[in-house]
Amino acid sequence: MVLPCVVLLLVFAYWPVVRGVVLSLYDSDLLGDPTVFVGAAHYVDLVTDPDLRKALFATGVIAGLSVVLSVGGALAAALPLRRAAAKPRAVVSVVLSMPFAYSAAASAAVFAGLFAPAVGTLNEVLAHLGVTGPEWLRSPGWAVLAISIATAWYEFGFAFLVLLAALTQLDESVIEAAALDGASGLRLARSVIIPMLRPSLVFLLVTQTISGLQIFTQVQVLTRGGPAGSTSTLVYELYKRAFGEALPQVGTASTLAVVLLLLVLAITAIQFRVLRRWA
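Throughout, the working numbering is defined as the position within the sequence shown, counted from one, plus 13.
No wet-lab data here; the hints were simulated from the structure.
Distance ranges between label pairs, derived from CB positions:
hint, residue 1, residue 2, range
1, Val123, Phe25, 26 to 34 Å
2, Leu260, Met209, 51 to 59 Å
3, Arg95, Arg237, 40 to 48 Å
All C-beta atoms in this analysis are idealised placements derived from N, C-alpha and C, irrespective of residue type, glycine included.
Sequences and hints are given; from them, build the entire structure.
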């Protein structure tokens, strides 16, 4: 009974990984088929290529910012709903979890309208407040922030649902005992409620980090890696090398895929090791 699942994993999960490792050791022809064995040459190029180093840096920054914004925002939104009445909480929950129902492309298209330099909604609002809005998608620093915000909004709905579900399962006797001892407001949340949410927070930090390291759609829709390559992530560089150029660089793209896999595994292992003690 387990055999069908094992076969599917081998065909659609493990074989592509093995194939990607093999392709990373070869140059390719016009059709992307492996031709000449080059060994670790593509991995050496990965270290020396300034565009790929920039992509690695952009991936780390965007992933880090999006995780902080999505998980932090979800926690701030979920905490006040813990003691809310059932009907108002249900309505607010549906509204705040809506980003989870959107596709990444649809949500990125919405933010393209918000961040448009000349006619963007966000800069129009800032102008009415007497503030000159930045060129969100034309300035490297602001573009990274814009991508991070768009990604965080897309991930916010899932994080909110996880934390709200965790809040409803807390042991109220512990919270009531802390309240009787004088804890309230921010002190109660910081010292009692948030520590009780540690397992859920650890889960979100790990899963959201993995998702952030694989960001592609928001970059493709909003900036296409610009300006000056400041928002080109590892997955976007992989896409460009494999499909976005006249001569497919399948070997380089496969190398990026292998490095990304190793990076995700390493960061996940470190997070589990560090966060396990905190949880």
